[in-house]
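Undergrad: Kindly generate the complete structure, drawing on both the sequences and the hints.
Number of protein chains: 2
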Amino acid sequence: MTLYGYFRSGTSHRTRIAMNLKGLDYDNISVNLAQDEQLESAFKAINPQGLVPALQTDDLMLFQSPAILEWLEETYPETPLLPKDAAGRMKVRALSAMVGCDIHPINNRRILQYLRNELSVDEEQVLLWCQRWISDGFTALETLLAKDSAREDFCYGNRPTFADCYLIPQIYSARRFKVDLTPFPNIMRIDERCRTIKAFIDAEPMNQPDAPH
Amino acid sequence: MTLYGYFRSGTSHRTRIAMNLKGLDYDNISVNLAQDEQLESAFKAINPQGLVPALQTDDLMLFQSPAILEWLEETYPETPLLPKDAAGRMKVRALSAMVGCDIHPINNRRILQYLRNELSVDEEQVLLWCQRWISDGFTALETLLAKDSAREDFCYGNRPTFADCYLIPQIYSARRFKVDLTPFPNIMRIDERCRTIKAFIDAEPMNQPDAPH
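Note that the protein sequences, when read in sequence, are chains A and B. According to my numbering, the first sequence is numbered sequentially starting from 141. According to my numbering, the second sequence is numbered sequentially starting from 141.
Please keep in mind that the hints were generated in silico from the structure rather than gathered at the bench. All clues given are correct.
Since the list gives no way to pick one copy over another, a pair counts as held whenever it fits inside one copy or between any two copies.
PhoX-like mimics (lysine-lysine), calculated; alpha carbons at most 25 Å apart, straight line:
id : residue 1 : residue 2
1  : Lys-224   : Lys-162
2  : Lys-287   : Lys-184
3  : Lys-287   : Lys-224
This structure is a prediction, so every number in the text was calculated from the model and none was measured.
TA: Dropping the structure here:
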């Protein structure tokens, strides 16, 4: 399989974590979002959507990370990233959506560029924008984790799930946007735990071949 | 089951469609988002997340519509809303995420209120903001639908799936924000088809008891 992604893209990062946790081997091809390479015809010939991540298999081009993760889970069920019971699966998917729908999309590059270029928002206000949505989302997540997962290693139970694949890249992004993380001890605890695991370490943005050195 | 929602909330709307398609009976309780009722203690006692939709079952409180839809599919597999094969499921979930992650979250009320109140963006620019993200997302969707679904009744194949549950409320929102829909003939064709189906009609915002009359 070939994963088209970008070192700093949160959706690429979450896909790398899931593939690493499942022990899947893949080639990594970098699409430089900072130079809008995803919109160029060379990449659009591969994925007409012009989006990363995109995962090329022998006979499919997969896109949209929530769909890719579900496909990985169905196709490679060894090392499951969802619990077995429907209630647990609901919980993990809800935690994932809290990041994947309510935090990440609002702070991605095209939105920030629109704020800067179309609405003349200055850099200080752009940073406050990012901090606001990450803090709001993390506050909601922290409440849930404190209630249900305070004695667990990960977002749900004692092994990584989709929810950790979503959360860890969002923490990386939170640090980049200088979010105060002290109000989120449960999120920080899960972050510390995940940073000891090779699948997470190998997926980190700065450990990718296309990261600046 | 009891569905806590709001007539105009796109995520409530998509959940109503899915439940109607599956023939599930439920009580509808309105939480008035325009008056921030979702943040009041009366509702937070029911769902600490302060989010709609929330689906109360005998022993669970479900939240986050992407997780609710997957839970409905697993718990009530009759009248499936996902195809049987993994590739088809990936496609439907990807189309769903194109709406659920890349369009809907950017135009919801809290974001528009921030633009107005914190960034002093005027109403004309707020409208352009909404139109931009809906048009961008619909352009991507239309390309895919024209390529793969032009001879089909729905977003994927000849029966409704999750993708239609996501798309139809977004079209409703597009009309509300005066988006020019003429560049999207495949999306319009699917909209027309769905509007002939009782499950979709019954889920429409203006057919809810809390809609203004």
